[in-house]
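Chains as they are written, first to last, in the working numbering: chain A, 1 to 347; chain B, 348 to 694; chain C, 695 to 1041; chain D, 1042 to 1388.
Incorrect hints may appear among the rest.
BS3-like, lysine-lysine: derived pairs with alpha carbons at most 27 Å apart [claimed, not checked]:
#1 C/807 with C/851
#2 D/1059 with C/712
#3 D/1380 with D/1093
#4 C/946 with D/1059
#5 C/946 with C/746
#6 B/599 with A/18
#7 C/712 with D/1093
#8 D/1154 with D/1059
#9 A/268 with A/339
#10 B/686 with A/18
#11 B/365 with A/252
#12 B/686 with B/615
#13 D/1342 with D/1293
#14 C/962 with C/995
Hints are computed from structural coordinates only; laboratory data are not their basis.
4 protein chains.
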Amino acid sequence: MYSFSCDYLEGCHEEVLKALTQTNMEQAPGYGADRFTAEAVEEIRQACQAPKASVYLVNGGTQTNQLVIDTMLEPYEGVLTPQTGHVNVHEAGAIEFSGHKVLALPQVDGKAKAEDVEAYVKHFYADGNHEHMVFPGMVYISHPTEYGTLYTAAELKALSEVCHRYDLTLFVDGARLGYGLAADGTDVTLPLLAQLCDVFYIGGTKCGALNGEAIVFPQGNEPAHYVTRIKQHGALFAKGRLVGVQFAALFKDDLYMRICRNAIEKAKEIRQIFEEAGCQFFIDSPTNQQFVVLDNAIMQKLSQYVEFGFWEAYDDTHTVVRFASSWATTEEGIEELRKAVRICFAE
Amino acid sequence: MYSFSCDYLEGCHEEVLKALTQTNMEQAPGYGADRFTAEAVEEIRQACQAPKASVYLVNGGTQTNQLVIDTMLEPYEGVLTPQTGHVNVHEAGAIEFSGHKVLALPQVDGKAKAEDVEAYVKHFYADGNHEHMVFPGMVYISHPTEYGTLYTAAELKALSEVCHRYDLTLFVDGARLGYGLAADGTDVTLPLLAQLCDVFYIGGTKCGALNGEAIVFPQGNEPAHYVTRIKQHGALFAKGRLVGVQFAALFKDDLYMRICRNAIEKAKEIRQIFEEAGCQFFIDSPTNQQFVVLDNAIMQKLSQYVEFGFWEAYDDTHTVVRFASSWATTEEGIEELRKAVRICFAE
Amino acid sequence: MYSFSCDYLEGCHEEVLKALTQTNMEQAPGYGADRFTAEAVEEIRQACQAPKASVYLVNGGTQTNQLVIDTMLEPYEGVLTPQTGHVNVHEAGAIEFSGHKVLALPQVDGKAKAEDVEAYVKHFYADGNHEHMVFPGMVYISHPTEYGTLYTAAELKALSEVCHRYDLTLFVDGARLGYGLAADGTDVTLPLLAQLCDVFYIGGTKCGALNGEAIVFPQGNEPAHYVTRIKQHGALFAKGRLVGVQFAALFKDDLYMRICRNAIEKAKEIRQIFEEAGCQFFIDSPTNQQFVVLDNAIMQKLSQYVEFGFWEAYDDTHTVVRFASSWATTEEGIEELRKAVRICFAE
Amino acid sequence: MYSFSCDYLEGCHEEVLKALTQTNMEQAPGYGADRFTAEAVEEIRQACQAPKASVYLVNGGTQTNQLVIDTMLEPYEGVLTPQTGHVNVHEAGAIEFSGHKVLALPQVDGKAKAEDVEAYVKHFYADGNHEHMVFPGMVYISHPTEYGTLYTAAELKALSEVCHRYDLTLFVDGARLGYGLAADGTDVTLPLLAQLCDVFYIGGTKCGALNGEAIVFPQGNEPAHYVTRIKQHGALFAKGRLVGVQFAALFKDDLYMRICRNAIEKAKEIRQIFEEAGCQFFIDSPTNQQFVVLDNAIMQKLSQYVEFGFWEAYDDTHTVVRFASSWATTEEGIEELRKAVRICFAE
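Isolated chain A (complex conformation) (with noise of 0.2 Å):
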């Protein structure tokens, strides 16, 4: 049965593949210090407009965040974050386990506005109260969201003042980052996020690759001795090479733009499905996440169709279901759902 139900089913895309294939026998250092780790860095640096940029390879999304967000912070700081933001729900505390606080501002399709997190942070400072409080270190946003929307350019520009008006940093969780910048309309390119943020990561594991994160720091901004506090989260790759092969890959040619494109594509054929089954989505993706809303019964019968993703109930005759398109959607796997779709709503 085909699965839509997230977006990390597959292997790795098969241009990744050969060049592990490829490199395979060929000796290399460890720790990273191997060639294609530093091919790897060096074309995310162009694709980025970042010569400055340090890069960070490392194998997943919660590891990268607990890693970052420790390393960047203070221990007196928390980092700010939508509520919804991956890292105040599903990394089972992985920050708080690392020492910090994380403080929930409100959200609005997914996103944090930089009025909700310049309200947070005068009135933090007016508390007379204030050395009693965690303080506000960081905002961490996702891009795409938990829920597939996208900042605009504008958006993450205001985030960014702000953020660097008092003094916080700003890290963008890219787990999806390849399916944010290959969507339509969007203005946000990776050199814009090298000059917005602080730090960004550019998800390996969820657009093609079989593991793998790279953290940007786009002004060589690390704080010191970063291999050694890699090492010491346990982070650090002793076969650096098996993600630098990968991420080379990616960025040779414009491999990850051009594959991260075909999630795009299947999402829109996804949407286009429902849409023509008369079905509401709850909330506007365009990116590779679709949230739909389904009637209970046909979400049953779907569901011995193709797989996808329980969400969460919308009311109590409906639930807000997910499809994920990937890299690697078939147009057979989009098929088998334009036919699942129209038996299930047909009857």
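With the hints as your guide, set chains B, C and D onto chain A.
Okay, now just chains B, C and D, sitting in the frame of chain A:
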């Protein structure tokens, strides 16, 4: 230039790569719920003759040590280890970072002795102030050790006996386990480890995989909600298939043992080369790491022909260097070394 | 200028000081093994009608909360608390610093409701992704709350019932417990707390002592090696006698209850003074904290005669301020306040 | 039975008690903002001839060590200490609990040598793998040491010089500082410590106070938001006056030095008593701790007359025991000891 500088220089064994390639586009659920991981777990249970074993696949050695030690110790407990243990020396303080003291024992050839463990524990409880001290809660050993040496079955039994008599957890770091199991004359087997240890891991990164270590709890004795614990440590794979496919391949038809045997054969050739050159060995290692004492001038010359690892100064004119073989070491590499040694010692 | 700004403005009650003075030169062993601590523990057990209770005396409130929460939770668990709970707002992130997420519940008058706890827990376990989230492991409430309000016995019973049905620890922060127990019309007593809670503490710092809080585990149910745990948190007194003498004095002949009653009587006078001046109260508090809504101009004037605490803006022209009484509040202080209010409201 | 078992057996010096009594009902703001704390800080600055010094008063020794070490080290750094250092042995792992490795140095009479610090640091940076190891970030020493011995000014200068050459923080644990400063023939003074150390503390608990240690940052060089850091560690006093009053009293008219001198005089008498009995001393201590080697049979008898501390086995028939004097040791106590020794050695 051929390198013997460590045992993680190449990618993965061709059979492992084949398995990754063949399964690449098959859809599989995340977080270790895939069929490959299930297969790997089952193969490992059989290889260990431990049908109740719980097996978790994570990324690397330091991560594994940090995770296992932190989750198996009570907060008031520390971990006993020979002074030369990896967790005591080369993990950037990852164990202390997670809150636990490393309690150093004397070492002989990199090994801990059961009597030293017992002496430590007895002395601890005899001290009237021990409630103000760190309780010994675990014994950590590496097999093979950081010096390439091996415990005998009798030594492991003695350690296991003393651990369980004093309610200590016995944890074996098997980052290079394959090279220990494949060594000449060893009487230590996977089923024996499963019998004697409370937890151990089977190294993949250094033994044929791109990455990955398999943590084995032989009696299904992992702490509650272990997936959550792994996630909280930033160590949970979204795409668990990556390590699932690899360990399934490594444990099918005894591949793991067969490819590790190559390292042993090559290590014997390395040993012979230096014996014939009249060199002294720093330690007598039956596994894939060979520690040779070289005259400094010769060391300099040799480094122009092959790569190897600097270990420590031996005396004013000699240095201990390490030559590591692995599953990937080629006969061509050995020949380069042979020639280089001939040249350097002839001069 | 007389101050009502908080309830820890003076040293200790004269009977407590007398006990410190009388025992001052008596030699006593360290770390809580002294006879005064033993006496205090026994008195507290009797007051709680909990003969099996374990009692530990530590220094202050945040320290106590951090210690209790960290030692009573599993690492994968967080603590539920009304949004206004002290641990969520005014402890500088001490709970997260020790690794645990604070899970905010809705609050009504500073209190958590049993049905909200149940809803949270049911929703949590119903979520298919809950292994990726923070497990609720404890309910933390303050009695009196941060708003001076009190739980009824029925409310506490409902909380206790829901906690134990879902295997949550119930922890009551009693930094101001004396003022709750001494309030008019309350049906909550020490024996009731000992029956319903898994752990609670009896505040000394705000209720007659120089310093010190008494943690009570009613069933002797503290985690193993608790002295070591306390020490590890930096919370073990070398000279445990200091708090032992004080709690022994406070719990002899019901002193604690008698002196806390003074705060209640004085709070009623404060209330009457502002009622007569026609003021509104922000919240209806039966304990020693009174939250008055003042016109900003009057507030400014009043602050030239007596000290009080700024709480929060009420509207553009009014502010919520806090007047706290204590065991030490004098009739002279109340008279100063009465005069000041007359002057300021007369103008 | 008179006790010499430790130096925290009594309450506080009568002058300190008098100050607590006289100020008891004066209202004072919380968290160290009171006038007593301000007075104590000013007195300490003067005694240290360090007008820019920041001074923070906290509760006890382990708490102080944990707080200072954790806040002054980077996360990737550990603390060097003589193997016998209190933080390495008798603090229940509080330093590791806060994430930092204790790096043990050789000890001579409980002291660290500047050359051993230098050797450690040089060896560390010379190791090609040092990014995988714990960086030395601080030297922790006790003065007096755990063995009652003292550094000379020259030794401290050498340590300070090597620390600052290699960018290490020098931290002196002064839990018993008064007994070091009051010892015969010492050339170490408070102004010298303020010159040489980055941070040190002046012990109150063992030197005349009910509780409290004064942390001194001689150059006002504490980390940012130190009150918040203290609170986050659970170490901030609500009623800071308690320690403020005591330190103000101790540092008025040189009281601290005068009362500590009593311990030295009494220690000399203890020493003389055992010398006359023909006993050997385990170590030559000029301060308030005297380590006597006793025949086991005599030790048993003596323990029926006076209390003292067991230290460690000396040989099969002898034991090292500790007699501690303090500001509170009485001439009557000394006489009891003298008689007891006479009786036990006469038999």
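Structure-based check of each hint:
no., hint, in the structure
1, C/807 with C/851, "holds (11 Å)"
2, D/1059 with C/712, "holds (12 Å)"
3, D/1380 with D/1093, "violated (51 Å)"
4, C/946 with D/1059, "holds (24 Å)"
5, C/946 with C/746, "holds (19 Å)"
6, B/599 with A/18, "holds (24 Å)"
7, C/712 with D/1093, "violated (38 Å)"
8, D/1154 with D/1059, "violated (42 Å)"
9, A/268 with A/339, "holds (16 Å)"
10, B/686 with A/18, "violated (34 Å)"
11, B/365 with A/252, "holds (24 Å)"
12, B/686 with B/615, "holds (16 Å)"
13, D/1342 with D/1293, "violated (43 Å)"
14, C/962 with C/995, "holds (23 Å)"
Consistency with the previously given hints fails for numbers 3, 7, 8, 10, 13, ordered from lowest to highest.
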